[in-house]
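Asker: With chain A's structure known, arrange chain B on it following the hints.
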Amino acid sequence: MSINIVHKTLRKTLLSDPDLTNCLIRALPLIWIGTTPTYDGEWLKLTSTLGQYPAITTGHTFENKKSGGEGLISSAYVKVNIDSSTYMFFLEPYKGNYDNYQGLDTRDGAVHYARSRNGGAETTTELTGQDWTAETKFTIKHENDQTDVYFYIGDVEKAHHTTNISTQPYEICCAEPNAVVREVSLKYPPGIKLR
Amino acid sequence: MTVYRRIFKMKTLGSRETGDLRPEISDNLPHGLNYLVLEYDETAQTCVVEAWCSNHLLLKAEDRKNMVDLQALDKHPATVKTLPSHAKSPKTLGRFALSVRAHSPPNAEVDKEKKTVKFQGRQGPYKRMVKQKTTDGTDEELYVLDEG
Numbered sequence: 001m002s003i004n005i006v007h008k009t010l011r012k013t014l015l016s017d018p019d020l021t022n023c024l025i026r027a028l029p030l031i032w033i034g035t036t037p038t039y040d041g042e043w044l045k046l047t048s049t050l051g052q053y054p055a056i057t058t059g060h061t062f063e064n065k066k067s068g069g070e071g072l073i074s075s076a077y078v079k080v081n082i083d084s085s086t087y088m089f090f091l092e093p094y095k096g097n098y099d100n101y102q103g104l105d106t107r108d109g110a111v112h113y114a115r116s117r118n119g120g121a122e123t124t125t126e127l128t129g130q131d132w133t134a135e136t137k138f139t140i141k142h143e144n145d146q147t148d149v150y151f152y153i154g155d156v157e158k159a160h161h162t163t164n165i166s167t168q169p170y171e172i173c174c175a176e177p178n179a180v181v182r183e184v185s186l187k188y189p190p191g192i193k194l195r
Numbered sequence: 001m002t003v004y005r006r007i008f009k010m011k012t013l014g015s016r017e018t019g020d021l022r023p024e025i026s027d028n029l030p031h032g033l034n035y036l037v038l039e040y041d042e043t044a045q046t047c048v049v050e051a052w053c054s055n056h057l058l059l060k061a062e063d064r065k066n067m068v069d070l071q072a073l074d075k076h077p078a079t080v081k082t083l084p085s086h087a088k089s090p091k092t093l094g095r096f097a098l099s100v101r102a103h104s105p106p107n108a109e110v111d112k113e114k115k116t117v118k119f120q121g122r123q124g125p126y127k128r129m130v131k132q133k134t135t136d137g138t139d140e141e142l143y144v145l146d147e148g
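Top to bottom, those sequences are chains A and B.
Counting in our numbering, the first sequence tops out at residue 195, every number present.
Counting in our numbering, the second sequence tops out at residue 148, every number present.
No wet-lab data here; the hints were simulated from the structure.
If you're wondering where the values come from, they're calculated on a predicted model, not measured in any experiment.
Check before you lean on any hint, since a few could be wrong.
Rough simulated footprint, nothing fancy, chain B against chain A, three-plus residues with beta-carbon under 8 Å [claimed, not checked]:
1) 89-102
2) 113-120
3) 125-137
4) 151-157
5) 160-171
Derived, one-sided and incomplete: chain A residues facing chain B with beta-carbon distance under 10 Å [said to hold, decoys possible]:
6) E42
7) G51
8) A55
9) D148
10) A179
11) E183
Quick reminder that beta carbons are idealized off the backbone N, C-alpha and C, glycines included.
Isolated chain A (complex conformation) (with noise of 0.2 Å):
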């Protein structure tokens, strides 16, 4: 017996409904100037260049649409070799529009943020207790009304926000060098879930 796999259907499908579990989206590599990945069957592996702001990226937005839905919920598993201005894992209206971003970064050095911005207005929390060398999980939930937007951090929630939420869609992005050297790593497949 053989099976057809009928591509473009199936991604239409994959894409159309974010309720679905293990919904696996294929990260697109955008804007690695100077650099070669590597993929070692687990973890793709890219290095930034000094002053470049490249970013993984599922290249296309996504939006909760779902009659009755109640939300957004992006994950991804990343590690960087040094754990300081890095963004980590994030969501912004189309790569680059930092007024709008919500997202879990190193900033003034290596402080740990979760962050929220709507319109360019910022909310912080300090995160305690990170180190972004290990493979971490990165979850971000993202409620439909702006109302909240939820960090979690392994399987556990560790932060929590009700202002300056932007509202969907949104591009899902993970590490992004901030204009540093960087070997940053995402385990490839899956990249970045939604449910």
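Answerer: Frame of chain A; chain B shown alone:
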């Protein structure tokens, strides 16, 4: 303009196994409050949460909260008790800020003499300004409105 903070020992919901362990307050956190989970206990039945809020004038009216709003959680069914301090509490927990950059039209008006910012019809003071880059490498001035 003040960032208010309060530490609670709270009951939890969910589990690590199902990937949704969280403070019980998570499912109905009052608007205007934010929090950091300082730790979960070994049994995952309780956790320590440090909640925070601000009354800064640049926040929307419905987002401005004060210490009384945090104290209202003392009697919440999810709260086991309040704690005076915790070893894992960060020096600076929360911050409100505003990004101003070359938008057309500008997203905010800054008066550097009076150290005030006007945004979406609301006006208030800022503490300091930090120049930095955004996720696409463009310049922005980040005006720190409140932190603590």
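Asker: Decide, hint by hint, whether the structure agrees.
Answerer: Evaluated hints:
1. 89-102: As far as the stretch 89-102 of chain A goes, the hint holds, because 8 residues have Cβ atoms under 8 Å from chain B.
2. 113-120: Per the Cβ count (4), the hint holds.
3. 125-137: It holds: at least three residues are needed, and the stretch 125-137 of chain A offers 5 whose Cβ sits within less than 8 Å of chain B.
4. 151-157: Since 5 is at least three, the answer is holds.
5. 160-171: holds (count 5)
6. E42: Check failed: Cβ of E42 (chain A) comes no nearer than 20 Å to chain B, outside 10 Å.
7. G51: holds, 8 Å
8. A55: A55 (chain A) check passes; min Cβ-Cβ to chain B is 7 Å, inside 10 Å.
9. D148: Holds, about 7 Å.
10. A179: Holds, because the Cβ-Cβ distance from A179 (chain A) to chain B comes to roughly 6 Å (cut-off 10 Å).
11. E183: Where the cut-off is 10 Å and the nearest Cβ of chain B is about 19 Å from E183 (chain A), the hint is violated.
Comparing the model with each earlier hint shows violations of hints 6, 11; every other hint is respected.
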